[in-house]
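Student: So you can see what is in the structure, the chains are spelled out below.
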Amino acid sequence: MSTSTRHIWTIAKRELVGFFASPVAYVFIVIYLLLTGFFTFMLGFFFERGEASLAAPFFFWHPWLYLFLVPAVGMRLWSEERRLGTIELLLTMPITPWQAIVGKFLASWLFLALALALTFPVVITVSYLGDPDMGAILTGYLGSFLVAGAYLAITSMTSALTRNQVISFILSVVVCFFLILCGWEPVTRPLASIEWIPNWVIRTVESFSVMTHYLSLQRGVIDSRDLIYFLSAMGFPLFCTGVILRGLRA
Amino acid sequence: MIKVSNLSKHFGTKKAVNNVSFAVERGEVLGFLGPNGAGKSTTMRMITGFIPPTAGTISVGGHDMVEDPIPAKRLIGYLPENAPAYTDMTVLQFLGFAAELRGLSGEAKKRALSRAVEMCFLDTVLHQSVDTLSKGYRHRTCFAQSVIHDPDVLVLDEPTDGLDPNQKHEVRQLIKRMGEKKAIIFSTHILEEVEAACTRAIIIDRGQIVANGTPAELKARSETAGAISLRVLGVPAETVKARLNGITGAKKAAIVKDDPAFVWARVYPQAGGLRNGELARAVADVARQDGWKIEELHTEEGRLDEVFRSITLPDTAKGGQQA
Numbered sequence: 076m077s078t079s080t081r082h083i084w085t086i087a088k089r090e091l092v093g094f095f096a097s098p099v100a101y102v103f104i105v106i107y108l109l110l111t112g113f114f115t116f117m118l119g120f121f122f123e124r125g126e127a128s129l130a131a132p133f134f135f136w137h138p139w140l141y142l143f144l145v146p147a148v149g150m151r152l153w154s155e156e157r158r159l160g161t162i163e164l165l166l167t168m169p170i171t172p173w174q175a176i177v178g179k180f181l182a183s184w185l186f187l188a189l190a191l192a193l194t195f196p197v198v199i200t201v202s203y204l205g206d207p208d209m210g211a212i213l214t215g216y217l218g219s220f221l222v223a224g225a226y227l228a229i230t231s232m233t234s235a236l237t238r239n240q241v242i243s244f245i246l247s248v249v250v251c252f253f254l255i256l257c258g259w260e261p262v263t264r265p266l267a268s269i270e271w272i273p274n275w276v277i278r279t280v281e282s283f284s285v286m287t288h289y290l291s292l293q294r295g296v297i298d299s300r301d302l303i304y305f306l307s308a309m310g311f312p313l314f315c316t317g318v319i320l321r322g323l324r325a
Numbered sequence: 010m011i012k013v014s015n016l017s018k019h020f021g022t023k024k025a026v027n028n029v030s031f032a033v034e035r036g037e038v039l040g041f042l043g044p045n046g047a048g049k050s051t052t053m054r055m056i057t058g059f060i061p062p063t064a065g066t067i068s069v070g071g072h073d074m075v076e077d078p079i080p081a082k083r084l085i086g087y088l089p090e091n092a093p094a095y096t097d098m099t100v101l102q103f104l105g106f107a108a109e110l111r112g113l114s115g116e117a118k119k120r121a122l123s124r125a126v127e128m129c130f131l132d133t134v135l136h137q138s139v140d141t142l143s144k145g146y147r148h149r150t151c152f153a154q155s156v157i158h159d160p161d162v163l164v165l166d167e168p169t170d171g172l173d174p175n176q177k178h179e180v181r182q183l184i185k186r187m188g189e190k191k192a193i194i195f196s197t198h199i200l201e202e203v204e205a206a207c208t209r210a211i212i213i214d215r216g217q218i219v220a221n222g223t224p225a226e227l228k229a230r231s232e233t234a235g236a237i238s239l240r241v242l243g244v245p246a247e248t249v250k251a252r253l254n255g256i257t258g259a260k261k262a263a264i265v266k267d268d269p270a271f272v273w274a275r276v277y278p279q280a281g282g283l284r285n286g287e288l289a290r291a292v293a294d295v296a297r298q299d300g301w302k303i304e305e306l307h308t309e310e311g312r313l314d315e316v317f318r319s320i321t322l323p324d325t326a327k328g329g330q331q332a
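Protein chains in written order, with the working numbering: chain A, 76 to 325; chain B, 10 to 332.
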């Protein structure tokens, strides 16, 4: 392991220790699983649909669920460091700020991946009841994971802005909500019908949305454009986190 | 080990640190004194690389803190103000985390941990969450973090803040002992600490260095330094004053306290006049000639708090107006 990855891993490990030291992690996982179950079976009409697919009843809800759950996981990332003053310890260690940013991000992302992985019974259920397209389920999970990552990166950025976790939570919900709405059909369709807005404007704004890229992964297609989108949707806020942290210290 | 040249830090129009230069070598313990808000913490934050300077350079062990921060940071152990620590970890986890970031692993990490734990008397709280520690223990936990890698340079921001008198004494002894092999900077506003632990002290006021020297040198700048204090029985204060004023080579005599039972007087030395021992002898001669009953006679060393106040007080009002 290079020094850099070792530092990232050390920081990620600390973050995970912090998560699991308090009941927050367990509460989060339980609520997440309850909510996914509720949405899938009650609001998603999993049984009534009678089709062996997870896209509509299960994955459809994820960007909405994450809208509140991911900021709840990430809101403490930097704001807590600032509140406790430990940021001064962390950033005077012989590490680069990027290692800290990436380490903290990866720890939370790993935690979200764990929560997501624990939804496996729904996969067992659907394959017991029918013959689903496993490829689409896999890309669905990949998409869900990437959406969580994009939201998390945004939360990392907003949490660097303030030492107040609540403010960081609300800011990231607003930004993530925008990323859903700007590409969500019920919002974009009425906009498209307005004549004086050129089509390319709508298309451009749409392409900023997690929804358009998430939906294409739901269909079982891994398009490099979607992957690039998600990578930049994670990279850019993380880069901004670094800029904000540097600004704080100047 | 530490070389700070023309260091400045401006926050907006406020000059928190203004053109500060000093150096600390191995084997030196530098006490950083100053009133609150003088720029002590800001200077330390720049030395440790937490905030970049507006102007000037910092070199630690030959590495520039701005250009080449990682090797410079490796040499430093840092105890920030208020001793922050991750509240959701146990003491052992926290120290382990610090050790790993310092590049220690396996046996080396274990040895470093047990050394730091022993040094800071943390063995009874190892598995306790930092959240539940008393202030003194939390402080020591953060202190242990700063020495975990046995650094060549230690930067300690108010290391005895919040400790009880025994712990304060312990930490001072520790600093003094470690100072034999390391370069240490520590800030404080407890003046006796400077005398107890420092080889050199810097007084900083409103961002600028106003005094730099050994504790003895600083004390010598005090008005009372070298003065002779004496307590006389049964002689009127006026007589004592008049007789002592008659000593050639002394600046002046003053009555410190005129009690019905005794008189407490002080004779100030004149620059270029009688030196300490000579002045004491001259005073004793006067007393013998007049048959005074002397209860006490000693030479004042000078007091740091006097120096501190005379240097930092006159301008405090001005500083207040500016802010």
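One or more hints might be untrue.
[To be verified] Under the rule of at most 27 angstroms between Cα atoms (straight-line distance), these lysine-lysine pairs were calculated in the DSS-like manner:
#1 B:Lys250 with A:Lys88
#2 B:Lys266 with B:Lys250
#3 B:Lys266 with A:Lys88
#4 B:Lys266 with B:Lys302
[To be verified] Residues of chain B placed beyond 12 angstroms of chain A at every Cβ, according to the derived structure:
#5 Phe106
#6 Glu204
#7 Ala225
#8 Val295
Hints listed in this document are in silico derivations from the structure and should not be mistaken for laboratory results.
We put the CB at the ideal spot given by N, CA and C, even for glycine.
Student: Given the hinted pair B:Lys266 and B:Lys250, is their alpha-carbon gap at most 27 angstroms?
Tutor: The given pair, whose Cα atoms are some 12 angstroms apart, holds under the 27 angstroms limit.
Student: Is B:Lys266 within 27 angstroms of A:Lys88, Cα to Cα?
Tutor: 66 angstroms, violated
Student: Run the distance test for B:Lys250 versus A:Lys88: straight-line Cα separation, threshold 27 angstroms.
Tutor: 74 angstroms, violated
Student: Checking the smallest CB distance to chain A, is B:Ala225 really beyond 12 angstroms?
Tutor: 33 angstroms, holds
Student: Check the non-interface label on B:Phe106: least C-beta distance to chain A beyond 12 angstroms or not.
Tutor: 5 angstroms, violated
Student: For B:Glu204, which was marked as not at the interface, is the minimum beta-carbon distance to chain A over 12 angstroms?
Tutor: At roughly 29 angstroms from the nearest Cβ of chain A, B:Glu204 sits farther out than 12 angstroms, so the non-interface label holds.
Student: Would B:Val295 pass as off the interface with chain A, using Cβ distances and a cut of 12 angstroms?
Tutor: At roughly 59 angstroms from the nearest Cβ of chain A, B:Val295 sits farther out than 12 angstroms, so the non-interface label holds.
Student: B:Lys266 and B:Lys302: Cα distance at most 27 angstroms?
Tutor: Since the Cα atoms of B:Lys266 and B:Lys302 sit roughly 16 angstroms apart, the hinted pair holds (cutoff 27 angstroms).
When each numbered hint is compared with the structure, violations occur for hints 1, 3, 5.
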